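Enquirer: Hints in hand, dock the two standalone chains.
Here is how the chains run, residue by residue.
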Amino acid sequence: NAGVTQTPKFRVLKTGQSMTLLCAQDMNHEYMYWYRQDPGMGLRLIHYSVGEGTTAKGEVPDGYNVSRLKKQNFLLGLESAAPSQTSVYFCASTPDRLNTGELFFGEGSRLTVL
Amino acid sequence: GQQVMQIPQYQHVQEGEDFTTYCNSSTTLSNIQWYKQRPGGHPVFLIQLVKSGEVKKQKRLTFQFGEAKKNSSLHITATQTTDVGTYFCKNSGYALNFGKGTSLLVTP
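Residue numbers (this note's numbering), protein chains in the order written: chain A, 3 to 116; chain B, 219 to 326.
Next comes chain B alone, as it looks inside the complex (with noise of 0.2 Å):
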């Protein structure tokens, strides 16, 4: 399967600054999903992202395709502690593989 990195692995913010993870592959992806999991949770999807040059938003995130699909972004305006979790983003295929996640971490 198509492997999708992610960077960066960790990232601590304090609470109202942005944040922004993103997913990076070697080869042509033919969508990108990115999943949420609280700690202690299970991931949770929260988008999916097809096309070339693709920007969603969801209230305070907004997901990015690239243009060459080989990469996505997710960005979060003006964290809040409810933003704490693992971010991953996800290739199609039968493999199914994850990228290792961006852990975020807001202090009030």
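If we strip away everything but chain A, and leave its shape as in the complex, we get (with noise of 0.2 Å):
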């Protein structure tokens, strides 16, 4: 098992540009989420989804779109990147129904926006 794979590791973007960053889980898990983490910011959830074909807003959505249309893999686009979104961001995915299980995280993605 791979467990939560990100791709890709590092990119470096100009202001304007649009990305996508994809997340892949091989554990069957229902729940998927996307955070950025900054200094002294902790972890942000940017969105997150309970299921395929669903999606919701987190804490700080803004500037970013998601998809889930296959159960295993959850997209985070950028349609214009902005300097304010560099920063890593990290996957995580869960198989409890009752969201009180463990999260596992991939290995996050390190994005520049120049």
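Everything labelled a hint here was simulated from the structure, so no lab data went into it.
List of simulated lysine-lysine pairs, BS3-like, C-alpha gap at most 30 Å:
1) 254/B <-> 59/A
2) 287/B <-> 59/A
3) 73/A <-> 254/B
4) 16/A <-> 318/B
5) 288/B <-> 269/B
6) 11/A <-> 318/B
7) 288/B <-> 59/A
8) 254/B <-> 11/A
Just so it is clear, the structure is predicted and the values come from calculations on it, not from any experiment.
Expert: Right under this line is the structure:
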């Protein structure tokens, strides 16, 4: 089992460019999440999904879109990147229906927007 | 979602000293989880506390859940350089809000 895999691991963008971060999990988990981590800010929830075909906004959703077309994949899109979106992005998943289970994280994707 | 606050934000200790981080909520939590993130790494699950007053130990780490289920603590006895990292608490629920974490630096 690979667990939670994020691609790409590093990316540099220019302001206004678009890109998609891919999160793939092979554990058949229902719930998936995208966080961003900035110094001193901890982990902030961007968007999440409670199942295939569903998405919901988290704490900081502006400037991002997500899709969950397949259960194993959760995509995070930036339509027009801004320097404020320079961050480390983490994907996580959990199987627990009651949402009380352990979160499994990917290794992170470091994005720099110039 | 229920917000959790963590203190302190940073802690610098000499190797061998003890360390404690606290997680507080204004509302009752159904459970609390603790994660550790090494520098440059990703958060890794440590433990989950569910019951009022629960205490769990993992070697030198002791986790407590308050009687009112509004606070929790992580205590490390005799820190080692391998304890360096950021410790996060997290509440349950769909929003899955994390505390901002306590960054621990251990000097040999």
